[in-house]
Amino acid sequence: AIGRCPSGIGCPVASICANGLCCPSPRCSSGVIAQRICVSNAECGNGFECANGGCCPLPLCPNNQIGSQR
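Quick note: the sequence shown uses the working numbering, first residue 330, plus one each step.
FYI, nobody ran anything at the bench for these hints, they're computed from the structure.
A portion of the hints provided could be inaccurate.
[Unchecked claim] Using C-beta positions, here's what the derived DEER-type ranges look like:
(1) Gly-382 x Arg-333: 19 to 29 Å
(2) Leu-350 x Asn-370: 25 to 35 Å
(3) Pro-335 x Arg-365: 19 to 29 Å
(4) Arg-333 x Arg-365: 18 to 28 Å
(5) Asn-393 x Ile-331: 27 to 37 Å
(6) Ile-362 x Ile-338: 11 to 21 Å
(7) Pro-335 x Leu-389: 32 to 42 Å
(8) Leu-350 x Asn-393: 30 to 40 Å
The beta-carbon is built from N, C-alpha and C at its ideal position, and this holds for glycine as well.
Whole structure, please, built from the sequences with the hints as guidance.
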(Lines of atoms letter the chains of each structure in order from A and count residues from 1; the text may use other names and numbers.)
(Lines give C-alpha, C1' and ligand atoms only; values in the text may rest on other atoms or scores of the structure.)
Protein backbone atom coordinates (compact mmCIF):
# COMPACT_ATOMS: atom_id res chain seq x y z
CA ALA A 1 0.00 0.00 0.00
CA ILE A 2 1.09 3.56 -0.68
CA GLY A 3 -1.13 5.26 1.90
CA ARG A 4 -4.48 5.08 3.65
CA CYS A 5 -7.98 6.14 2.58
CA PRO A 6 -10.30 5.42 5.52
CA SER A 7 -13.16 7.40 3.95
CA GLY A 8 -12.74 5.68 0.56
CA ILE A 9 -11.18 8.70 -1.13
CA GLY A 10 -7.95 10.68 -1.04
CA CYS A 11 -5.49 8.42 -2.83
CA PRO A 12 -2.82 9.91 -5.09
CA VAL A 13 -3.15 9.84 -8.88
CA ALA A 14 -2.63 6.37 -10.42
CA SER A 15 -3.84 4.62 -7.28
CA ILE A 16 -7.13 3.24 -5.99
CA CYS A 17 -8.68 2.87 -2.54
CA ALA A 18 -9.16 -0.80 -1.61
CA ASN A 19 -10.15 -1.84 1.92
CA GLY A 20 -8.96 1.48 3.36
CA LEU A 21 -5.54 1.37 1.69
CA CYS A 22 -4.25 3.23 -1.37
CA CYS A 23 -2.94 0.67 -3.84
CA PRO A 24 -1.36 1.17 -7.27
CA SER A 25 -3.92 1.08 -10.10
CA PRO A 26 -3.82 -2.01 -12.34
CA ARG A 27 -1.60 -1.82 -15.43
CA CYS A 28 -2.82 -2.82 -18.85
CA SER A 29 -0.85 -5.18 -21.09
CA SER A 30 0.08 -2.13 -23.19
CA GLY A 31 1.77 -0.62 -20.12
CA VAL A 32 -0.75 2.18 -19.54
CA ILE A 33 -2.47 2.55 -16.17
CA ALA A 34 -6.04 1.25 -16.13
CA GLN A 35 -8.82 3.84 -16.26
CA ARG A 36 -10.47 2.31 -13.16
CA ILE A 37 -10.86 -1.05 -11.45
CA CYS A 38 -13.40 -3.58 -12.75
CA VAL A 39 -14.64 -7.14 -12.54
CA SER A 40 -16.37 -7.41 -15.94
CA ASN A 41 -16.26 -5.75 -19.36
CA ALA A 42 -19.74 -4.30 -18.76
CA GLU A 43 -18.22 -1.86 -16.23
CA CYS A 44 -15.76 -0.35 -18.70
CA GLY A 45 -17.78 1.07 -21.60
CA ASN A 46 -17.10 1.31 -25.32
CA GLY A 47 -13.50 1.01 -26.42
CA PHE A 48 -12.40 -0.59 -23.14
CA GLU A 49 -12.20 -4.09 -21.69
CA CYS A 50 -11.70 -5.40 -18.18
CA ALA A 51 -8.17 -6.84 -18.09
CA ASN A 52 -5.85 -7.45 -15.15
CA GLY A 53 -8.51 -6.01 -12.81
CA GLY A 54 -8.79 -2.65 -14.59
CA CYS A 55 -10.54 -0.99 -17.54
CA CYS A 56 -7.99 -0.98 -20.35
CA PRO A 57 -8.30 0.44 -23.87
CA LEU A 58 -8.97 -2.09 -26.59
CA PRO A 59 -6.18 -2.45 -29.15
CA LEU A 60 -6.22 -0.34 -32.29
CA CYS A 61 -7.60 -1.78 -35.51
CA PRO A 62 -5.46 -1.73 -38.68
CA ASN A 63 -7.12 1.59 -39.66
CA ASN A 64 -5.97 3.12 -36.30
CA GLN A 65 -9.50 3.21 -34.86
CA ILE A 66 -10.09 1.81 -31.37
CA GLY A 67 -11.81 -1.56 -31.46
CA SER A 68 -15.36 -1.82 -30.13
CA GLN A 69 -14.98 -5.38 -28.84
CA ARG A 70 -12.75 -8.44 -29.11
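Hints versus structure:
1. Gly-382 x Arg-333: 19 to 29 Å: 20 Å Cβ-Cβ, so the 19 to 29 Å window holds.
2. Leu-350 x Asn-370: 25 to 35 Å: 26 Å, holds
3. Pro-335 x Arg-365: 19 to 29 Å: For Arg-365 against Pro-335, whose Cβ atoms are near 20 Å apart, the range 19 to 29 Å holds.
4. Arg-333 x Arg-365: 18 to 28 Å: At roughly 20 Å between Cβ atoms, Arg-365 and Arg-333 fall inside 18 to 28 Å, so the hint holds.
5. Asn-393 x Ile-331: 27 to 37 Å: The hinted range 27 to 37 Å holds for Asn-393 and Ile-331, with Cβ atoms some 35 Å apart.
6. Ile-362 x Ile-338: 11 to 21 Å: 18 Å, holds
7. Pro-335 x Leu-389: 32 to 42 Å: 40 Å, holds
8. Leu-350 x Asn-393: 30 to 40 Å: Given a distance of about 39 Å, which is inside 30 to 40 Å, the answer is holds.
Violated hints: none; the structure is consistent with every hint.
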